[in-house]
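Engineer: Chain residues, written in single-letter form:
2 protein chains.
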Amino acid sequence: MDRKKGIVLLSGGLDSATVIAIADQMGFATYALSFDYGQRHSGEIDAAKNIAKISRAAEHVVAKIDLRIFGNSALTSDIAVPRGRTEKEFESGIPITYVPARNTIFLSFALAWAEVLESSDIFIGVNALDYSGYPDCRPEFIKSFQEMANLATKASVEGKTKITIHAPLLNMTKAQIIKKGLELGVDYSKTLTCYDPDENNFSCGTCDSCILRLKGFRENGISDPIRYK
Amino acid sequence: MDRKKGIVLLSGGLDSATVIAIADQMGFATYALSFDYGQRHSGEIDAAKNIAKISRAAEHVVAKIDLRIFGNSALTSDIAVPRGRTEKEFESGIPITYVPARNTIFLSFALAWAEVLESSDIFIGVNALDYSGYPDCRPEFIKSFQEMANLATKASVEGKTKITIHAPLLNMTKAQIIKKGLELGVDYSKTLTCYDPDENNFSCGTCDSCILRLKGFRENGISDPIRYK
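Line by line, the protein sequences are chains A and B.
Here the numbering used here is used: position 20 in the first sequence is 20, and no number is missing along the way.
Here the numbering used here is used: position 175 in the second sequence is 175, and no number is missing along the way.
Hints are supplied without guarantee of correctness; some may be wrong.
Heads up, the list lumps identical chains together, so a pair's fine if it works in one copy or across two of them.
[Claimed, not checked] Result set (PhoX-like, lysine-lysine): computed pairs, CA atoms no more than 25 Å apart in a straight line:
1. K154 / K143
2. K4 / K215
3. K154 / K190
4. K143 / K162
5. K88 / K160
Think of the hints as simulated: they come from the structure by calculation, not from any bench.
Whole structure, please, built from the sequences with the hints as guidance.
Structural biologist: Shown next, in the form of structure tokens:
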């Protein structure tokens, strides 16, 4: 029997690399979707291509959309990425690395592809524990998007499919995510998490994303296989 | 006092030209957003530029996104546009001109821009009476998108703004829309509605979109100012 099709949002980072392994283990044929959206850390697109390949994704599409037309995020404009923030600072509000409505846009594209493939399952690696407080990573957002998605498509109107947004990492710490991924054989040396890597794709080690990642490996008592400056 | 900012999805067609006039009349400074999404009727982008200009939009952005990567619609792939459908056929299901999740994607981009501009108002010209039965033109979809939007953004989490999705044409017939637009001084000769115009941007007169448009003018007892083949 053919495997069910699942769309997986694949950024090239640690979380989404774990999610595609989880979707595969759940028995889905994975259709990976990445975005070239004008991010400064565009090296993550190469990472996503590598991960899609080694994860045996049935297909990998990189959608080109330009979120720089709106600007206003450290990831898409000339605003500096914050460095060396403490745990207290993590809790002090949404940082400037937040990209307005990014997950809403990414999930909308995933929904379009799901409809074309007649898939009813979309996977996203959002995480609401060790995260930067982004609004579109919270469980209430994911739940609400799913409700909207089930009113948005032809298949939903015709009663054929019911879209499920899977967010398997939602309630996991970064350490738990890494542990799960290692069990599933994820090769984290192929992932790129840093918001602002150098020209050799060496990670900075001081942005929020690096801080959370390094903490996760430390808590597992192992070293991170990627290269830092 | 500065006028409130309103994002207006502007396709270049009759409906969105009416909506931008309504938003302007309501007192909004209008920020028009159009999409170059690989549609076969790309002449509508030029129409949108013209309309934004004569409507005194504060700004007009054309976002380039390629929906052809997913295909599966007569508007974005080599599938033929249906011709000369009867009213009975209009009621028989969702036609092949439906673009998967298009309004979800368009509204997501509008949401991103609204967040950057600190606007809480988004306008869309969907219409659930004289329409083609698209799922993402129905009131329940619009309502659900609005709920999701209010969980998706930084401003919503911080309790600063509450997003409203305005769909002023939702319960109007095409004839009522045209009547309203004429009262507001909309120049319909600048709009392009046809799904498949020729190389001179002459409309076909037989696609669903043309059929509904012509009916609307006929019911107002006036002739449509655009050119047909």
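Engineer: All the hints need checking, so say for each whether the structure fits it.
Structural biologist: To see whether the hints hold, each was checked on the structure:
1. K154 / K143: For K154 and K143, both the intra-copy (20 Å) and inter-copy (17 Å) Cα distances are at most 25 Å.
2. K4 / K215: Neither: 35 Å inside a chain and 44 Å across chains, both beyond 25 Å.
3. K154 / K190: neither (37 Å within a copy, 31 Å between copies)
4. K143 / K162: both (13 Å within a copy, 19 Å between copies)
5. K88 / K160: between (47 Å within a copy, 23 Å between copies)
Checked against the numbered hints given earlier, this structure breaks hints 2 and 3; the rest are met.
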